[in-house]
Every structure is written in structure tokens, then in C-alpha cells.
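Chemist: Starting from the known structure of chain Z, fit chain D onto it as the hints suggest.
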Amino acid sequence: MSSKINHHHQNDKTNGQIFPQPCPHLADFHARNGTKPFRAIQDCLHIKPPGGRAAIRRDSSEVPRCGVCGDSSCPRLYACMACAAVSCHVPPHSSHVAIHATKTSSACSHEIAVDVDRAELFCCACRDQVYDRDFDAAVVLAHTTSIIQSSKPENLRKRRRIDYRPWSPDLRERSLMVNNASPIDSMSSSNGDLPRGLRGLNNLGNTCFMNSVLQALFHTPPLRNYFLSDRHNRYYCQSKNGVRLCLACDLDTMFSAIFCGDRMPYSPAKFLYSWWRHASNLASYEQQDAHEFFISMLDGIHEKVEKDQHKPRSQGNGDCCIAHRVFSGILRSDVMCMACGFTSTTFDPCVDFSLDLEPNQGSSMKTSSTKTNHSCNCEADGMNSSQNCGISTLMGCLDRFTRPERLGSDQKFFCQQCQVRQESLKQMSIRKLPLVSCFHIKRFEHSSVRKMSRKVDRYLQFPLSLDMAPYLSSSILRSRFGNRFFPFDGDESNTLNEPSSEFELFAVVTHTGKLDAGHYVTYLRLSNKWYKCDDAWITEVNENTVRAAQGYMMFYVQKMLYYKASEKQGTS
Amino acid sequence: MSAKRSSINRPPTPDVDRDRENQEPTLQEIINIKMIESGEKERLKELLRERLIECGWRDEMKSLCRKKGRNNVTVDDLVHVITPKGRASVPDPVKAELLQRIRSFLASTAT
Chain Z
4 MSSKINHHHQ NDKTNGQIFP QPCPHLADFH ARNGTKPFRA IQDCLHIKPP GGRAAIRRDS
64 SEVPRCGVCG DSSCPRLYAC MACAAVSCHV PPHSSHVAIH ATKTSSACSH EIAVDVDRAE
124 LFCCACRDQV YDRDFDAAVV LAHTTSIIQS SKPENLRKRR RIDYRPWSPD LRERSLMVNN
184 ASPIDSMSSS NGDLPRGLRG LNNLGNTCFM NSVLQALFHT PPLRNYFLSD RHNRYYCQSK
244 NGVRLCLACD LDTMFSAIFC GDRMPYSPAK FLYSWWRHAS NLASYEQQDA HEFFISMLDG
304 IHEKVEKDQH KPRSQGNGDC CIAHRVFSGI LRSDVMCMAC GFTSTTFDPC VDFSLDLEPN
364 QGSSMKTSST KTNHSCNCEA DGMNSSQNCG ISTLMGCLDR FTRPERLGSD QKFFCQQCQV
424 RQESLKQMSI RKLPLVSCFH IKRFEHSSVR KMSRKVDRYL QFPLSLDMAP YLSSSILRSR
484 FGNRFFPFDG DESNTLNEPS SEFELFAVVT HTGKLDAGHY VTYLRLSNKW YKCDDAWITE
544 VNENTVRAAQ GYMMFYVQKM LYYKASEKQG TS
Chain D
5 MSAKRSSINR PPTPDVDRDR ENQEPTLQEI INIKMIESGE KERLKELLRE RLIECGWRDE
65 MKSLCRKKGR NNVTVDDLVH VITPKGRASV PDPVKAELLQ RIRSFLASTA T
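These protein sequence lines are chains Z and D, in that order. According to this note's numbering, the first sequence is numbered sequentially starting from 4. According to this note's numbering, the second sequence is numbered sequentially starting from 5.
Pulled out of the complex, with its shape left as it was, chain Z reads as follows:
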């Protein structure tokens, strides 16, 4: 059996990826030959078919075979980096590549080889795979010669990150606060066991769609902090602009009402009226879609701010208004021509993620052999196995969202290199994560062909904590090229600047009932307790109740927020 050499105990972390230290043989190879052999290998790197895997071939039609036994069907054939001899490796039966490694002399080392079908480095002495940045860079370069690297979106300029500085008021500030504010009576005594900020919303006529989204927004931390710290002052705004329609002012009014401590249910009538004036096509007493309302409301907040301050349209960096500052992210879309490999990349801002539910989960496993089902351990192996067992999960939906999708022959894309329409492969990934991610599950299907709509009731499992790292553009690109160690997509080499991709669930909007006769309810998570907000009724519930609910919109907030240096003082 191969010996286990513990040389990988010291790893350094770059871009969140652990980079193993080279084994002594690889380090020795580097010292002797520099990076020349890795760059020279670029001539032998063939990507077949376009967008496929990298393979090592001396010429593109070569059939590699072992120099010792002539076997060409061996699954692992290695080419020596020193002399290009190809040998097979079939442990524990025979390993001609290990025998070849013994030819190492003081002049030249034959210990480092490369897998001809996978373009991965192997150390014959350690009998293990090894990794080298320069080699991976050469592989990625071979992949991307036909890809014109599109520039990063210009508006994603990185603002300098600054450290948190604690603050306490000086005498003048203290007197200001005392004179202009009144203390809030202590929580534990009067208001029972409900925390501050929980207040029922009266249903004004099929307005549960609005109430449910509002409850989630009232407890969206960055949004709540913005309004409660008076960053949008409704008195100042109205006196400046006259009594004009401003959804942000109405929202400010509601925040004051919700957090004032009064427990009587609040009627958001003024806000409803303002919203009707903004979205006049939705103004009726009919049930509306909660997600549609959410988008419309964010749009309303943005529009008014834009008109006032002439800020640019949202480009995903959130500089235009608080709604986009909190919710907007940037999606990356890569379309690759199947004929020549040319990839076209576009960046688009988004305020939420609309995900399809996987179709008939579990049907593919039904046809597979029983052996696979027995070896599938649903509990221990996490979310991937649960997919095999037939439960839809949020991560499964995100996998689908970022999976490469073949655009059919009726959707041919114009390839700039080929200059004709070709069949293509499209893949989405997240370039920039928003502060708050809203996941909208497409449960309402409208078929214009059949002129009917239906609701998909299938249960979706969602986690309390979510790591979005595998769906980032850097991760997607990395795996596209075979998990190479390479700075993708403008990664910064300093890990301290790496923003966190971990999110925590804080609100779930659920829908029960039929398409045209249903009810929206929101579950809020405050101090790790769950509260059900059903219009005017707020009750504490068990976490399992929430887990079992039919999620329609799930709100996750970034676990760690960072301070960025402000461009101007006292911005609103």
C-alpha cells in the first residue's frame, strides 16, 4: 500500500481556498527548473471540446500509451515533467510511473508527473496529487485564450474598508440627547414577553400580501437601523418637497409606529393609499402577489429618491437609495458558444433571487438500482443526499440556478467569434452578494399557452444559516476550469478584504391555500425566537413550525457587516 506522508499539514488560505504547501519533491522540482516547464506545457494543453476538460497531448490526435507496457486503456496515465515519458499507474498492481521516478538523479528529477487526461500534477514519490499555482495558471490560460476577459463592472469600485471605532457621547452630545429624546421604559416589565418592534397589522381588505412583506421589512436589520436612526426624516423631506408622494416617508411613519411600544394593531392605511398611487395597476381590493408588492415597493422608494437627488440608476452598488443599498446585488451571466468556446459575459443588478422549484424531485433515483438507495444515508450526509432522497432544498434550487444550462436550438445565441448564431451554454453566478438576500420561490405558474395558472405546493426545505460561497462567480469559475488555484474574477489576494458569504435567516413569508384564495403569513426570528405574524395576531411559535411551513419568500441577512469609508460626511 502507498505510504502516507504527512506533508500537507501547513496550508495557507487565499480567497477562502486552502492552498496546500508543496511536497519536498515538488519544491525541489521548482528550485531546479523554475516555472519554465509549467509554461512550456501550455503547448500540450488541449481543451476538447470547447469548454471541456484540459488534457495533455503532444499533438491533438495523440493516443497516449505507457512507455513500458504499451497499455493505452489505463485510466491513469502520467507524463513525466522532466522527460515527457508516459507511464501507467495502477496501484497496487503495478506502477510504471513510480519505477520511472526512481530514475531521479542529481541532474534531473523524474518525480513530478502530470495526469494526461486530467491535467493535474502528481508526485510519484509521495504517491499523491500535488498543486502548483503556476501550473494552474497555465491551465487556465489555455482555457481562456478564446475568452475575451470582460472588464469588471466599473461601478464595483472597492471602497476602502475601515475598522470599527467605538463611540461614546461627549457632554454636548449628551445634553442634546437628554433634551430631545425621552427614555424608553424597560422591556422586561410592561410589555409582556414580546420584544420591541412586534406589532400586528390590520388587514384592510385582502392586504395580507402587504402586511406579510412589511413585517419582514420592519425587521430587516439594515433597513430598520436606517429608518430608526432618522436617516430619512419625513418632516424634513415633506417640507423640502411639499406634500408629495414619498413611499420612504410613509415607511418612516410606519417604523415609528411599529417601534414606539404600542401593542395595539396598526392600520397601514396611508401607506396603502400611497402605494396604490405609485402602482395604480395593482390598486384594488383583490389579493395581490406578495413578491410583486415587494418589488414594486423597492422600486417606489428608489424612484422618489432618484427624482429628488438625481442619483444614477441602480448599478448594483447601492449608492442610489436605501432600498438598493440593502437588497441589490450583481448577477453574472456567461454564455459560451458550443462551437468555438467563445464566452460572452454580462453583469446585471438584481434585488432578489427568483428560484424555480426542481421538477419532480426523486424521479431519477427511482429508476436507479436499489444498491444506490441503500447506500444513501439521508441524515448524515447533509443536503446533497437529501436531494437524492426526494426533498427539495433551497440549496438545491440555488444549484439549479447556477448550473450550466444548454440553450436549445430555438434559442441560438449570436457568437461574436463565429459570426453566426450557435447553440450555447449559459451559466449564472453571483458577482456581488447583497446585504440582505431575498429568495423568492416561483410557486405561481402562469402558462400563457394554456391560459391557466397553478400553484406549486411542494415543500421546500430551507436552512437557518446559509453559506453562499459556492454560488459566487469566483467559485463557479474556479470549478469550471477544474478547481484550479487561480485568482478568478478579480479576487483580492488579501483574505482580510474577503467579504463574508455567510447569511442568517430572519424572516419567512409563507403562503397557504390556493392560487386565488390564499393567505400570507410571516415568521420573524428575533433573538433566536420565532414569532408568527398573521395580520393583527402575533404569537410566539416553535422553530419546527417554521421549518414545516411552505416558504414563499425567505430573507437572509449577512452575518458580518463591514464599515466602508464614506465618500462624503453625513450622507442620507
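These are calculated hints, taken from the structure and not from any lab test. One or more of the hints may lead you astray.
[As the list claims (entries may be wrong)] DSSO-like mimics (lysine-lysine), calculated; alpha carbons at most 30 Å apart, straight line:
hint: 1; chain 1: D; residue 1: K38; chain 2: Z; residue 2: K51
hint: 2; chain 1: Z; residue 1: K429; chain 2: D; residue 2: K45
hint: 3; chain 1: D; residue 1: K72; chain 2: D; residue 2: K99
hint: 4; chain 1: Z; residue 1: K429; chain 2: Z; residue 2: K445
hint: 5; chain 1: Z; residue 1: K454; chain 2: Z; residue 2: K517
hint: 6; chain 1: Z; residue 1: K429; chain 2: D; residue 2: K99
hint: 7; chain 1: D; residue 1: K45; chain 2: Z; residue 2: K51
hint: 8; chain 1: Z; residue 1: K429; chain 2: D; residue 2: K66
hint: 9; chain 1: Z; residue 1: K415; chain 2: Z; residue 2: K307
hint: 10; chain 1: Z; residue 1: K535; chain 2: Z; residue 2: K562
hint: 11; chain 1: D; residue 1: K72; chain 2: Z; residue 2: K415
hint: 12; chain 1: D; residue 1: K66; chain 2: Z; residue 2: K435
hint: 13; chain 1: D; residue 1: K72; chain 2: Z; residue 2: K429
hint: 14; chain 1: D; residue 1: K49; chain 2: Z; residue 2: K51
hint: 15; chain 1: D; residue 1: K49; chain 2: D; residue 2: K38
hint: 16; chain 1: D; residue 1: K72; chain 2: D; residue 2: K89
hint: 17; chain 1: D; residue 1: K99; chain 2: Z; residue 2: K51
hint: 18; chain 1: D; residue 1: K71; chain 2: D; residue 2: K38
hint: 19; chain 1: D; residue 1: K71; chain 2: Z; residue 2: K562
hint: 20; chain 1: D; residue 1: K66; chain 2: Z; residue 2: K562
hint: 21; chain 1: D; residue 1: K49; chain 2: D; residue 2: K99
[Said to hold, decoys possible] What follows is a list of derived Cβ distance ranges for each label pair:
hint: 22; chain 1: Z; residue 1: E507; chain 2: D; residue 2: K49; range: 37 to 45 Å
hint: 23; chain 1: Z; residue 1: E507; chain 2: D; residue 2: L103; range: 43 to 51 Å
hint: 24; chain 1: Z; residue 1: N206; chain 2: D; residue 2: V77; range: 53 to 61 Å
hint: 25; chain 1: D; residue 1: V77; chain 2: Z; residue 2: P473; range: 19 to 27 Å
hint: 26; chain 1: Z; residue 1: E507; chain 2: D; residue 2: K99; range: 43 to 51 Å
hint: 27; chain 1: Z; residue 1: D470; chain 2: D; residue 2: T87; range: 29 to 37 Å
We put the beta carbon where it would ideally sit given N, CA and C, even for glycine.
Modeler: Below, chain D without anything else, positioned relative to chain Z:
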């Protein structure tokens, strides 16, 4: 197989005890070479990859590998442990489809 690079050493001379050179290539070898040359082998590999991902086989193998741990594990160890389990758990429909494809390839190239 000429060595195009002068900065590296020439390939070693073939071992003398290679008597395979004198024998006719076996049927297996001929089929393998034909499949590689026509590109069919690569296509079949891609098809197999797709099917094995779809049915969850790859995720299962991944979790089996993870169970082995991260430290003190070599590629050879993993291959040795995974190979029998992997071979046994390939779903029958996938096997059938691949066999069918190979059969039709052989039929089409029969001379």
C-alpha cells in the same frame, strides 16, 4: 513521438524486454484506438459524467471521500477505497445506455 523541446531530456529508450511490439494489437486495443481517434471515447465519457451527476452518484462518491477525512489521505488511498463501491453503485439504466452506445458505435465502424 519526437521530443520538440530541447530544454528537457530526451525520452528514455524503450525497454528491451518489450515483446508486445512483436505481437499483433489485441481487439481491445484496436477498439480503444478507434474510439479515441474518432472522438467517440470523449463523447461517451461526457455522457457518462452527465448521467452519473444526474442520478446523484457523484455526490454520493464525494461524501464517501469526505468520510475518509482530509489529512493523511492520498489520491491512491481514495481511488483504492472508492473504486469497488463506485463500480457497484452505477445504476443499471446508465450501464445499459452506455453499452447500447458502444454497440452502435461498433456496428457503425465495422469494416
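Chemist: Each hint should be assessed against the structure and marked as holding or not.
Modeler: Here is what the structure says about each hint:
1. A threshold of 30 Å between alpha carbons decides the hint, and for D/K38 with Z/K51 the separation of about 17 Å falls inside it, so the pair holds.
2. Between the alpha carbons of Z/K429 and D/K45 the distance comes to roughly 25 Å, so the proposed pair stays at or under 30 Å and holds.
3. For the given pair, D/K72 sits about 27 Å from D/K99 by alpha-carbon distance, which is consistent with the 30 Å threshold.
4. For a cut-off of 30 Å, the pair hint linking Z/K429 to Z/K445 stands: about 20 Å separates their Cα positions.
5. With a CA separation close to 17 Å, the supplied pair Z/K454 and Z/K517 stays within the 30 Å bound.
6. In summary, the hint linking Z/K429 to D/K99 is supported, as the alpha carbons are separated by about 29 Å, within the 30 Å threshold.
7. Proximity of D/K45 to Z/K51 is assessed by CA-CA distance (about 12 Å); at most 30 Å being required, the pair is judged to hold.
8. Using a Cα cut-off of 30 Å, the hinted pair Z/K429 and D/K66 holds, with the two alpha carbons roughly 25 Å apart.
9. A threshold of 30 Å between alpha carbons decides the hint, and for Z/K415 with Z/K307 the separation of about 39 Å lies outside it, so the pair is violated.
10. For the given pair, Z/K535 sits about 23 Å from Z/K562 by alpha-carbon distance, which is consistent with the 30 Å threshold.
11. At roughly 44 Å between alpha-carbon atoms, D/K72 and Z/K415 are farther apart than 30 Å, so this suggested pair is violated.
12. Note on D/K66 and Z/K435: the hinted pairing holds, with a Cα-Cα distance of about 28 Å set against a maximum of 30 Å.
13. Straight-line distance between C-alpha atoms of D/K72 and Z/K429 comes to about 35 Å, which puts the hinted pair past the 30 Å bound.
14. For the suggested pair D/K49 and Z/K51, the alpha carbons sit about 12 Å apart, so the restraint of at most 30 Å is met.
15. Only pairs whose Cα atoms come within 30 Å are accepted, and D/K49 paired with D/K38 is accepted, the gap being roughly 15 Å.
16. A C-alpha spacing of about 14 Å is found between D/K72 and D/K89, which places the hinted pair at or below 30 Å, so the restraint holds.
17. For the given pair, D/K99 sits about 24 Å from Z/K51 by alpha-carbon distance, which is consistent with the 30 Å threshold.
18. Restraint check for D/K71 and D/K38: the C-alpha separation of about 39 Å exceeds 30 Å, so the hint is violated.
19. For the hint pairing D/K71 with Z/K562, the CA-to-CA distance comes to about 29 Å; that is within 30 Å, so the pair holds.
20. At roughly 28 Å between alpha-carbon atoms, D/K66 and Z/K562 fall within 30 Å of each other, so this suggested pair holds.
21. With a C-alpha separation of about 12 Å, the suggested pairing of D/K49 with D/K99 holds against the 30 Å cut-off.
22. The beta-carbon spacing between Z/E507 and D/K49, approximately 42 Å, falls within the hinted interval of 37 to 45 Å.
23. The given range of 43 to 51 Å is respected by Z/E507 and D/L103, whose C-beta atoms sit roughly 49 Å from each other.
24. Z/N206 and D/V77 have their C-beta atoms about 59 Å apart, which keeps the hinted 53 to 61 Å range intact.
25. A hinted range of 19 to 27 Å for the beta carbons of D/V77 and Z/P473 is consistent with their spacing of about 22 Å.
26. Separation of Z/E507 from D/K99 is about 44 Å and conforms to the stated range, judged on CB atoms against 43 to 51 Å.
27. Under the hint 29 to 37 Å, the C-beta atoms of Z/D470 and D/T87, about 31 Å apart, fit the expected range.
Checked against the numbered hints listed earlier, the structure breaks hints 9, 11, 13, 18; every other hint is satisfied.
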